[in-house]
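Anchor point for the sequence shown: position 58 equals 58 in my numbering, and the numbering is continuous, going up by one each time.
Honestly, the hints are just simulated from the structure, not real lab data. Note that the structure is a prediction, hence the values are computed from the model and not measured. Some hints here could point you the wrong way.
Beta-carbon label-pair distances, calculated as ranges [to be verified]: (1) R23 - H68: 39 to 47 Å; (2) G56 - Y34: 48 to 56 Å; (3) L66 - G16: 18 to 26 Å; (4) H68 - T22: 35 to 43 Å; (5) G69 - E5: 43 to 51 Å; (6) H68 - E5: 18 to 26 Å.
Note that the Cβ used here is the ideal one computed from N, Cα and C, for glycine as well.
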Amino acid sequence: VDEGEGLSEEVHRRIGEPFFTTRPVGEGSGLGVYVAAGIARNLGGTLRFNSTPGSGTRATVSIPALDHGE
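When you get a sec, could you build the whole thing from the sequences and use the hints?
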């Protein structure tokens with residue numbers, strides 16, 4: 001949990017877009033969240049963000065457990 005300022009509505013809406021970044025030009029590729037979400041999806045899971053401006057942000061990765069059989 002990030003206890004910082006949280007995400008603005010625009011950032012929350014765009015956070016998974018490829019090449020979207022809030023960092024200054026040249027300081028971020030904008031691919032981190034996009035790639036992480038793709039990995040989670042490929043594993044049958046999700047990457048979700050829950051944010052309240054002024055209260056911080058929570059990122060949750062959910063991936064199904066692997067069934068090893070018995």
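Can the suggested window of 35 to 43 Å be confirmed for the beta-carbon pair H68 and T22?
holds, 41 Å
Can you tell me whether the CB distance of L66 to G16 sits inside 18 to 26 Å?
holds, 25 Å
Between H68 and E5, is the Cβ distance one that fits in 18 to 26 Å?
violated, 43 Å
CB-CB spacing for H68 and R23 relative to the 39 to 47 Å hint
At 41 Å between Cβs, range holds.
Check the following: the C-beta atoms of G69 and E5 are separated by a distance inside 43 to 51 Å.
holds, 47 Å
Can the suggested window of 48 to 56 Å be confirmed for the beta-carbon pair G56 and Y34?
violated, 22 Å
Violated hints, in rising order: 2 and 6; the structure is consistent with all others.
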